[in-house]
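J.: Produce the complete structure using the sequences and hints provided.
Taking this note's numbering, the leading residue of the sequence shown gets 23, the next gets one more, and so forth.
Among the hints, erroneous ones may be present.
[Claimed, not checked] Just the calculated beta-carbon pair ranges, DEER-fashion:
(1) Glu-86 <-> Lys-116: 32 to 40 Å
(2) Gln-56 <-> Asp-84: 16 to 24 Å
(3) Thr-76 <-> Gln-122: 21 to 29 Å
(4) Leu-107 <-> Met-82: 28 to 36 Å
(5) Gly-91 <-> Met-60: 29 to 37 Å
(6) Ala-88 <-> Gln-56: 27 to 35 Å
(7) Arg-120 <-> Leu-59: 14 to 22 Å
(8) Glu-42 <-> Gly-91: 15 to 23 Å
It is worth saying that the hints were derived from the structure and are not from the lab. Yeah, the Cβ is synthetic: ideal placement off N, Cα and C, and Gly gets one too.
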Amino acid sequence: MMNKDYGFGGIMCVDMETEERANQLMHLLQNYTQFGLMAVSLGYYETLMCCSGTSINSGMNDEEKALAGISPGLVRMSVGYTGTLEQRWGQLEKAISRMQEPGLFGKNSKCTERSMSVNRIS
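T.: Here it is in structure tokens:
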């Protein structure tokens, strides 16, 4: 991804509030929209993502995570330099829209509009 004003790559976070919803979003981003790959390390030229609330910050206790603003559903994405900003943004919107479908991940799994809104800042 390249932004002409800032260059290549970038880190983006999406707070899904729970680990379950974070994993559901990452599953859709990897397997449904081909946005990126789930990984434990974010250093690569491809787009990578991980659930920081349970992986990267595993050395912190729950209180320390809360103080740092890290929820169990925090998804960190290292946006690679493949593809365009428009492609990546469209893939993210498509996955989030798909998460709002009732029953996609089992009974009562529909995400609310409040918890799933995405706003693009240009």
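J.: For every hint, state whether the structure bears it out.
T.: Evaluated hints:
| no. | hint | verdict |
| --- | --- | --- |
| 1 | Glu-86 <-> Lys-116: 32 to 40 Å | holds (35 Å) |
| 2 | Gln-56 <-> Asp-84: 16 to 24 Å | violated (34 Å) |
| 3 | Thr-76 <-> Gln-122: 21 to 29 Å | holds (23 Å) |
| 4 | Leu-107 <-> Met-82: 28 to 36 Å | holds (32 Å) |
| 5 | Gly-91 <-> Met-60: 29 to 37 Å | violated (22 Å) |
| 6 | Ala-88 <-> Gln-56: 27 to 35 Å | holds (34 Å) |
| 7 | Arg-120 <-> Leu-59: 14 to 22 Å | holds (18 Å) |
| 8 | Glu-42 <-> Gly-91: 15 to 23 Å | holds (20 Å) |
In summary, the structure is inconsistent with hints 2, 5 from the numbered list given earlier, while agreeing with the others.
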